[in-house]
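Student: The primary structure of each chain is shown beneath.
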Amino acid sequence: DAMVIQNPRYQVTQFGKPVTLSCSQTLNHNVMYWYQQKSSQAPKLLFHYYDKDFNNEADTPDNFQSRRPNTSFCFLDIRSPGLGDAAMYLCATSRDPRFAQYFGPGTRLLVL
Amino acid sequence: TQLLEQSPQFLSIQEGENLTVYCNSSSVFSSLQWYRQEPGEGPVLLVTVVTGGEVKKLKRLTFQFGDARKDSSLHITAAQPGDTGLYLCAGEGSSNTGKLIFGQGTTLQVKP
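Chain order of the listed sequences is A and B.
For the first sequence, the residue numbers in the numbering used here are 11 to 122.
For the second sequence, the residue numbers in the numbering used here are -11 to 100.
If you're looking for bench data, these hints aren't it; they were derived computationally from the structure.
Idealized CB from N, CA, C, for every residue including glycine.
Just so you know, not all the hints are guaranteed correct.
[What the hints assert, rightly or not] Straight line, CA to CA, 25 Å or less: simulated DMTMM-like cross-link-like pairs of lysine to aspartate or glutamate:
id : chain 1 : residue 1 : chain 2 : residue 2
1  : A       : Lys54     : B       : Glu5
2  : B       : Lys58     : A       : Asp106
3  : A       : Lys54     : A       : Asp72
[Said to hold, decoys possible] From the structure, some residues in chain B lie toward chain A, with a derived Cβ separation under 8 Å:
id : residue
4  : Ser0
5  : Gly4
6  : Thr36
7  : Leu76
8  : Glu80
9  : Leu88
With the sequences and hints as input, model every part of the structure.
Tutor: Structure follows, in structure tokens:
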């Protein structure tokens, strides 16, 4: 009965090679978030969708893009991964921006 | 800018001991959430507190929201090795966009 699913759990890519991470949810939540988390640090919000409305954080690099084709799915595209982009990427959802967020298990990205 | 200061950042204790983690701010939050994150996994929501002075209990975990809704604490009684993990507090920012403001996290290690 997984609620927020992320695939793959581990992703290895090469420096500069585009990569896409995926997130799906069975909660029918309106809001979907993407976070980047580096070792033992708090998650850092990259962007979020409220329904189809995209909200980018001011300090999110242009290298990071997102797509939400429907309510259930959201993708994180990293156009040209650098070594500094190696991190855990977390997807989260919430019914409404005022309510609690539910996180997926994350995708650990390694850049070679 | 709203900030949440979480302390301590690291805590290593023996099984059976009690501990308290603090989350403090000079700003008022409409709600505050506590998460636990195990290595290689996403944060798991433990509790949301919304009312000043509120106390919630989850087995051996006790959560308190300050009367002024600027601070919160997590108290664990008789810690067990299974409590090991990263504990994160997160508050909903005043802009009401659902953007969570995270504390720096507390890494807890409970030794058997």
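Student: So, for every hint listed, does it hold in this structure?
Tutor: Checked hints:
no.: 1; hint: Lys54/A / Glu5/B; verdict: violated (32 Å)
no.: 2; hint: Lys58/B / Asp106/A; verdict: holds (22 Å)
no.: 3; hint: Lys54/A / Asp72/A; verdict: holds (15 Å)
no.: 4; hint: Ser0; verdict: violated (14 Å)
no.: 5; hint: Gly4; verdict: violated (25 Å)
no.: 6; hint: Thr36; verdict: holds (5 Å)
no.: 7; hint: Leu76; verdict: holds (6 Å)
no.: 8; hint: Glu80; verdict: holds (7 Å)
no.: 9; hint: Leu88; verdict: holds (6 Å)
This entry does not satisfy hints 1, 4, 5, going by the numbered hints stated previously.
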